[in-house]
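Asks: Protein sequence lines correspond, in order, to chains A and P. Counting from 1, position 5 in the first sequence corresponds to residue 5 in our numbering; the numbering is continuous, with no gaps. Counting from 1, position 197 in the second sequence corresponds to residue 197 in our numbering; the numbering is continuous, with no gaps.
These are computed hints drawn from the structure, not numbers from a lab. Just so you know, even glycine gets a beta-carbon here, dropped at the ideal spot from N, CA and C. Keep in mind that a hint or two might mislead.
To be verified - Some chain P residues judged to face chain A by a derived CB distance under 7 Å, without partners named:
no.	residue
1	Lys-40
2	Lys-252
3	Met-254
4	Met-256
As the list claims (entries may be wrong) - BS3-like mimics (lysine-lysine), calculated; alpha carbons at most 30 Å apart, straight line:
no.	chain 1	residue 1	chain 2	residue 2
5	A	Lys-20	P	Lys-174
6	A	Lys-20	P	Lys-152
7	P	Lys-174	P	Lys-122
8	A	Lys-7	P	Lys-255
9	P	Lys-252	A	Lys-78
10	P	Lys-255	A	Lys-20
11	P	Lys-255	A	Lys-107
12	P	Lys-244	A	Lys-20
13	P	Lys-252	A	Lys-10
14	P	Lys-76	P	Lys-174
15	P	Lys-244	A	Lys-10
16	P	Lys-215	A	Lys-84
Given next are the chains, with one letter for each unit.
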Amino acid sequence: MPDFGYKIAKDRQIDYDENKRLIFSEVAAWEPSIYRCISCGTCAATCSAGQYTDYSLRKLILLVKRGEEQEVITNVSKCLLCGKCQLACPMGVNTRNLILGIQNAVKKTTYAV
Amino acid sequence: MSKTVLIIGGGVAGLEASGVLSKLGYTITIVEASDRIGGKLNRWANLFPTQRPAEEVLNYLKFQLDPNTSIITNTKIDDISLGKTQVSATLSNGNCIQADAVLVSTGFEFFDARKKEEYGYKIYENVITSVDLEQIFKDGKELKTSQGKTPKRIGIIHCVGSRDEKVGNTYCSKVCCVTGVKQAIEIKERIPSCEVFNFYMDLRMFDRHFEDIYKKAQVEHHVQFIRGRLSEAFENPDGSVMIKVEDTLLGKPMKMNLDLVVLMVGFVPSSSSVFLKKGLQLETGNDGFFTPADEHYKTVCSNQKGVFFAGACTGPKTIENTITEARAAALEIATYLNQN
Ligand code: SF4
Ligand code: SF4
Ligand code: SF4
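Just chain P, same shape as in the assembly (with noise of 0.2 Å):
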């Protein structure tokens, strides 16, 4: 009989690690909270920096898994140990399930924007998120205040629940400046005539075409860039949102009505890490997140064996850095089996 894989998580990292693991002839497991597969994509439009659907990454990832793959969603896992060398599970439909090998891939979860309570986000009404913002896009909706008109200007904020020590997360989300750069390039080509600033504290344009469409959104769409961080946000009478940010730039402070504010929300460690960490007995750093074998050679490796991890679990990261590293942790997982 082959040897078993339980993965708890079936978004980009699961889903990709599954594929890779039964095509070396591996039986494998995924367990889901969630009602469906594909994790955060299910929730997002387009991806940056290409602009490409979202679905056509979510289609190429449920198209590789293998037909008998077992997918158990709407389940949690309410009990899980080690043994000398396999790992039990306990699922919250009542089934036990052993497995020679556990890989961890519970992503995040996106930032509570109402812990950033002087953003007014659920407070004023024309305060959204990032999330909320694509969900408008993949609605096919057309972007509105709450009051019902075509904003004539937005206004995009980055860094929301991260690089914030006062809300508990002192680390960069990675992929927020370029989901903000993105964000105001989509609405530039919705509503041409929208004026759209994105305020920022650093642009963490890292990867390849990052810095292509940072220019793209100055030099073609108008986007203004403008270092400072939001302080603090009023609703008008009328629904819009004054602001207060300082033009660091200038050394100026500054005033402006937005009809919409869009806050970036950044990665937190998925709720499930505080189960798993004490059921699995892993390492996590002072951010949640947890901690791998090694930093920079064994990133897909726990300090427990048999145990592994993929993606965000470990830290914030692109959806190509999810499935480099899924793949990454599929080998590393066949290898541990063929050798124990």
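So that you can see chain A by itself, here it is in the shape it has in the complex (with noise of 0.2 Å):
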């Protein structure tokens, strides 16, 4: 088939239905602390790996709740483990180990990758 140069767009809302959270199930389980965070974004500001890509811890684990997997997948990977965050966190989140249980999930349920 000749290539006419049109493609239809991904479609960018969250199909809260269809999503399957996986991973959250998993990480819930792993650090229940994931029910404190009150997405005040004290962590993202903290954050090294932050100032330098797109990533922010608080998103993370919006993106984890909402079974948005594949983002997921590849925004874990840019979290140094440092625990600066942990420190800054107001709910008393235990992020590093929340981090480590998404990073754990993602290999378990590598179905999506």
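From these two lone chains plus the hints, build me the complex, please.
Replies: Written out as structure tokens, the structure reads:
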């Protein structure tokens, strides 16, 4: 077929019904302090990785909760696991262990890649 | 003979002020438009933030009323005017009342959710309001969809009829955020497996214990909070409702199907305020609520001598603030009557 140069733009809508949230189930069991997050962004502001890339732990947590797993996979590797965010978080989210949990869950659920 | 006070509205504010004024020796008449005293408390099962039964507060308010209080229910005021030192009112039952002071405690009405047509209230079967949900709790009924199923996913929509220029209400109704969190917890307590989502623009957890129940909702009940205002709702053939919001913290549009949608309806001024404003020559703001003589230190006084305010007639208010205000108004009225 000739290539006319058209393509269909990918739907960037979060489809909550379609999304599986497998990573979330794993992570919530591993580190229940994920439920304490209030999306304040304190972690993301202090994060060294976030200064140089578009990575934000606040967003990563939301992506996990919504089941946007492709984006979780591309983002979670940007974390340096330095643990700075844990000192800053006002809600006592065990951020470093949470990120480790996300990384493990991603490995376990590589169905997505 | 003791001086007389006419109290317009027998809700929380009117009842509390009446109790205090009776103790101070005044003769009270309460005129209530509906068939019973207690106002909106009659329609609520449990109160935020502690989930205590609304009936406890209602019983307290009734208990502290003086037995000699004249309570006239099912009655409206047909005509009211201010004289030099007295107020005269003609009631819908034909009687006339003269009083030395008048307390306006007409409260509020719930926003009519049908005006927000795009949310489908009274069009889609599974869209209800916070008031309807509270009634289900109060009646001790099971929470079901209109198809008779136990809901698996419920969305609670904040700011319905508040912070919305399109419907003409620019203000925040103050108590619906915490009501939304309270009701989310109450749904989870009844149906733990049901997913509950609160769609909010800001969570206004301003008072003592509010932030605690927000945390409780997340940590203990796994209620999900999604920052974004409901944009559109559609009814599916099976009666469930598809909604569209932006997940503003991710910057992405989002859609999901809900078995039940609960609209957190805000406060609007009581329909009687237009009439009272005219009769007593009172001032209101653009929002239609009465404007007190001073917004900081004369919140229970009006622009007219002998006319006082208490409760939600001057804007959305919690029950405890209303009770505190009612006492302040009673004291202000007593001081005024002593000087005249
Ligand atoms: S642990 Fe990761 S998310 Fe936290 S501050 Fe370090 S790089 Fe950022
Ligand atoms: S600092 Fe803590 S509460 Fe705030 S967004 Fe980060 S993890 Fe969540
Ligand atoms: S209290 Fe909350 S839900 Fe109610 S109007 Fe204000 S912001 Fe909206």
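Asks: Work down the list of hints and note, for each, if the structure agrees.
Replies: Hints and how they fare:
no.: 1; hint: Lys-40; in the structure: violated, 30 Å
no.: 2; hint: Lys-252; in the structure: holds, 5 Å
no.: 3; hint: Met-254; in the structure: holds, 4 Å
no.: 4; hint: Met-256; in the structure: holds, 4 Å
no.: 5; hint: A:Lys-20 to P:Lys-174; in the structure: violated, 36 Å
no.: 6; hint: A:Lys-20 to P:Lys-152; in the structure: holds, 16 Å
no.: 7; hint: P:Lys-174 to P:Lys-122; in the structure: holds, 25 Å
no.: 8; hint: A:Lys-7 to P:Lys-255; in the structure: holds, 23 Å
no.: 9; hint: P:Lys-252 to A:Lys-78; in the structure: holds, 21 Å
no.: 10; hint: P:Lys-255 to A:Lys-20; in the structure: holds, 14 Å
no.: 11; hint: P:Lys-255 to A:Lys-107; in the structure: holds, 28 Å
no.: 12; hint: P:Lys-244 to A:Lys-20; in the structure: holds, 19 Å
no.: 13; hint: P:Lys-252 to A:Lys-10; in the structure: holds, 13 Å
no.: 14; hint: P:Lys-76 to P:Lys-174; in the structure: holds, 28 Å
no.: 15; hint: P:Lys-244 to A:Lys-10; in the structure: holds, 18 Å
no.: 16; hint: P:Lys-215 to A:Lys-84; in the structure: holds, 23 Å
Taken one by one, the earlier hints fail for this structure at numbers 1, 5, listed in ascending order.
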